[in-house]
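**Q** The residues making up each chain are set out below.
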Amino acid sequence: MRKPIYLDYSATTPVDPRVAERMCKYLTPDGEFGNPASRSHPFGWHAEEAVEEARAHVAALIGADPKEVVWTSGATESDNLAIKGVANFYGKKGKHIITSKTEHKAVLDTCRQLEREGYEVTYLDPEPNGLLDLEKLGAAIRPDTILVSVMHVNNEIGVIQDLAAIGKITRERGVLFHSDAAQSTGKVPIDVNAMNVDLLSMSAHKTYGPKGVGALYVRRKPRVRLEAQMHGGGHERGMRSGTLATHQCVGMGEAFRLAKEEMAAETERVRMLRDRLLNALKDLPEVYVNGDLDRRVAGNLNMSFNFVEGESLIMALKDIAVSSGSACTSASLEPSYVLRALGRNDELAHSSIRFTIGRFTTQEEIDYAAGLVKEKVSKLRELSPLWEMHQEGVDLSKVQWAAH
Amino acid sequence: MAYSDKVLEHYEHPRNVGAMDKSDPSVGTGMVGAPACGDVMKLQIKVNEQGVIEDAKFKTYGCGSAIASSSLLTEWVKGKTIEEAGKIKNTQIAEELALPPVKIHCSVLAEDAIKAAIADYQTKASGKGSKADAA
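Protein sequences, first through last, are from chains S and D.
Here our numbering is used: position 273 in the first sequence is 273, and no number is missing along the way.
Here our numbering is used: position 3 in the second sequence is 3, and no number is missing along the way.
Warning: the hint list may mix true and false statements.
[To be verified] To give a feel for the contact side, a few chain S residues facing chain D, derived at Cβ under 10 angstroms:
id: 1; residue: Val-308
id: 2; residue: Glu-311
id: 3; residue: Ser-312
id: 4; residue: Ala-316
id: 5; residue: Glu-347
id: 6; residue: Phe-360
id: 7; residue: Glu-382
[What the hints assert, rightly or not] Each pair of labels, with its calculated beta carbon distance range:
id: 8; chain 1: D; residue 1: Thr-91; chain 2: S; residue 2: Pro-128; range: 39 to 45 angstroms
id: 9; chain 1: D; residue 1: Thr-91; chain 2: S; residue 2: Arg-269; range: 52 to 58 angstroms
id: 10; chain 1: S; residue 1: Arg-295; chain 2: D; residue 2: Gly-86; range: 54 to 60 angstroms
id: 11; chain 1: S; residue 1: Asp-319; chain 2: D; residue 2: Thr-91; range: 31 to 37 angstroms
id: 12; chain 1: S; residue 1: Glu-127; chain 2: D; residue 2: Gly-18; range: 28 to 34 angstroms
id: 13; chain 1: D; residue 1: Asp-5; chain 2: S; residue 2: Thr-362; range: 31 to 37 angstroms
id: 14; chain 1: D; residue 1: Asp-5; chain 2: S; residue 2: Glu-375; range: 34 to 40 angstroms
Read the hints as simulated data drawn from the structure, not as lab findings.
Glycine included, every Cβ here is placed at the ideal spot set by N, Cα and C.
Pulled out of the complex, with its shape left as it was, chain D reads as follows:
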């Protein structure tokens, strides 16, 4: 199967590969997918006081399109507020990478990953808030 140049570029030079401290309250972690389906994406965002994503890291087990989708996503979310990042749609990723129909699920997974990371951050943030109230 032929991959688009953009998929190949991200696959060969993936951006923002790595991991951040899961226990850091400013870090949100989203892990989606399943090994049985052939892809697992882990996306992490570091959010500052203003709600802006300062840094993003990913690790992906999956095909080239899944790796490219998550690599592209980390580039896109950096500098965005969590509200803006939460509005990224899988169709935008699929279009940018020219994914064929059989690989659309990779972009869906990437959208799920950023949503999961944001949700994790927000859960942590609200937990921190209530703890502060109690103290």
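Isolated chain S (complex conformation):
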């Protein structure tokens, strides 16, 4: 067993070796290295064929037409292009956007920027299980609302929003619907038509493809218009200029092709491992799962270990690569904004660990991780004055702390 054990698949995934092998054929002099935009020779034609085949694989995973897929550098760029692109194009019609407080920063910070430019944004509070109350979403729509942006799967807690139900509302009310699906491709079935999604952001590197490439689905019927954010040679039907990175597009295409083929079997295997980890950790007292456990992707387990601080726990767990909801290391000393939005108290938000399991995780690794976590949590609790007070029956919420 190689250590540290990688349990951070929501941060990024390794490139599947089958994907890497294909990508290598589009780089070197004896490969198809041409510029896909070159129209005058076979180097360009072959590269273009490869890019279009890859585009078709991406489209197939989400039930779209290949003409509706625009290559980007990743989900962050896709989010920016979708939200700013719609806001800029439809700004005369209205300047109101609705999103949620648990979105990825790529959506939240893009919305903040639009607020500085005179747009108005409503940030919906999720319910304590991390899911949106769709009545509240419907009630937030105004005559000047142009866009609703709600992520499919949350990156921290893995909960799955009901895109089909949201799409039904937005379609009826004549509002565009964007979803960040960076964390859901290959994990949850997506059908942009059944779900009435108008724009969908995707990333390759969360689905066993390479970093540095992503895509944006842009609906053609009824047609969604965007104002380009990147100007130049008019690539991607003018929506995103810049020479396409053939090997990156090929990598994303192959990764998404494999995802479509293997999703059902992989989901079952990953869920079995996640449940094995959860069952082992449930033996510990005072542990809490963050976010809805049923409406959640198979590979995510986000847990708070009460009375143990997240950063010190991560330090103790150096043989496993996980992430903490406590952003203490980033010098902000702020616990996760996602857990805060769920109404988790500060102690629990500071005590959270995200385990994300994926294609290459083994049962042996899960068993080792579970044993290590149990041992270290117990050790750190012996060190914790809060655990001692809890044992003595002190109600920590009633203590007057001297904040510093």
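We have chain S already, so just place chain D on it with the hints.
**A** Same frame as chain S, now just chain D:
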């Protein structure tokens, strides 16, 4: 983030973890920090008749640097008089552990903890004195 070897050493082998009887008049207890901020330190000292700290114990909820700062502090204060212990500065702790700027607050918390423990001991001692006078 990379931790210094000294922080890792204290974190992996913390010294003087434990608790003493809070009601013992020779024991001073200092508890500082807040869970909302991500760290709480509890430091206890046992002081003899000569005003020398005979023993020290700690428990800390917080990051590795906070645990190391309090562990180091318990080592330093043992054998010192309460006057000497009260003069320990956070900068000395930060220097010894090579804390990065974002972790300086951990050493500040440790300094606050020893001051709070000494103050608690002195309050108890003066209370005991006045009780003795009354009797």
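**Q** Could you run down the list of hints and mark each one as holding or not?
**A** Here is how each hint holds up against the structure:
A distance limit of 10 angstroms between C-beta atoms decides the matter here; for Val-308 (chain S) the minimum to chain D is near 7 angstroms, and the interface restraint holds. Hint status for Glu-311 (chain S): holds, given a least beta-carbon distance of 4 angstroms to chain D, under 10 angstroms. At its closest, the beta carbon of Ser-312 (chain S) sits 5 angstroms from a beta carbon of chain D; the interface hint therefore holds under the 10 angstroms criterion. Residue-level restraint check for Ala-316 (chain S) holds (minimum Cβ-Cβ distance to chain D is 8 angstroms; threshold 10 angstroms).
At its closest, the beta carbon of Glu-347 (chain S) sits 4 angstroms from a beta carbon of chain D; the interface hint therefore holds under the 10 angstroms criterion. For Phe-360 (chain S), the interface hint is violated, the least distance from its beta-carbon to any beta-carbon of chain D being 26 angstroms, above 10 angstroms. For Glu-382 (chain S), the suggested interface contact is upheld, since its CB lies about 7 angstroms from the closest CB of chain D, less than 10 angstroms. Our hint of 39 to 45 angstroms for Thr-91 (chain D) and Pro-128 (chain S) holds, since their Cβ atoms are close to 44 angstroms apart.
Taking the beta carbon of each, Thr-91 (chain D) and Arg-269 (chain S) are about 53 angstroms apart, inside 52 to 58 angstroms as hinted. For the pair Arg-295 (chain S) and Gly-86 (chain D), the beta carbons lie near 55 angstroms from each other, so the given range of 54 to 60 angstroms is met. Range check, Asp-319 (chain S) to Thr-91 (chain D): Cβ separation about 34 angstroms, and the 31 to 37 angstroms hint holds. The hinted window of 28 to 34 angstroms between Glu-127 (chain S) and Gly-18 (chain D) is violated, with their beta carbons roughly 42 angstroms apart.
Between Asp-5 (chain D) and Thr-362 (chain S) the C-beta distance comes to about 32 angstroms, which sits within the given range of 31 to 37 angstroms. A C-beta distance of roughly 23 angstroms is found between Asp-5 (chain D) and Glu-375 (chain S), which places it outside the suggested range of 34 to 40 angstroms.
Violation of the numbered hints given earlier is confined to hints 6, 12 and 14; the remaining hints are satisfied by the structure.
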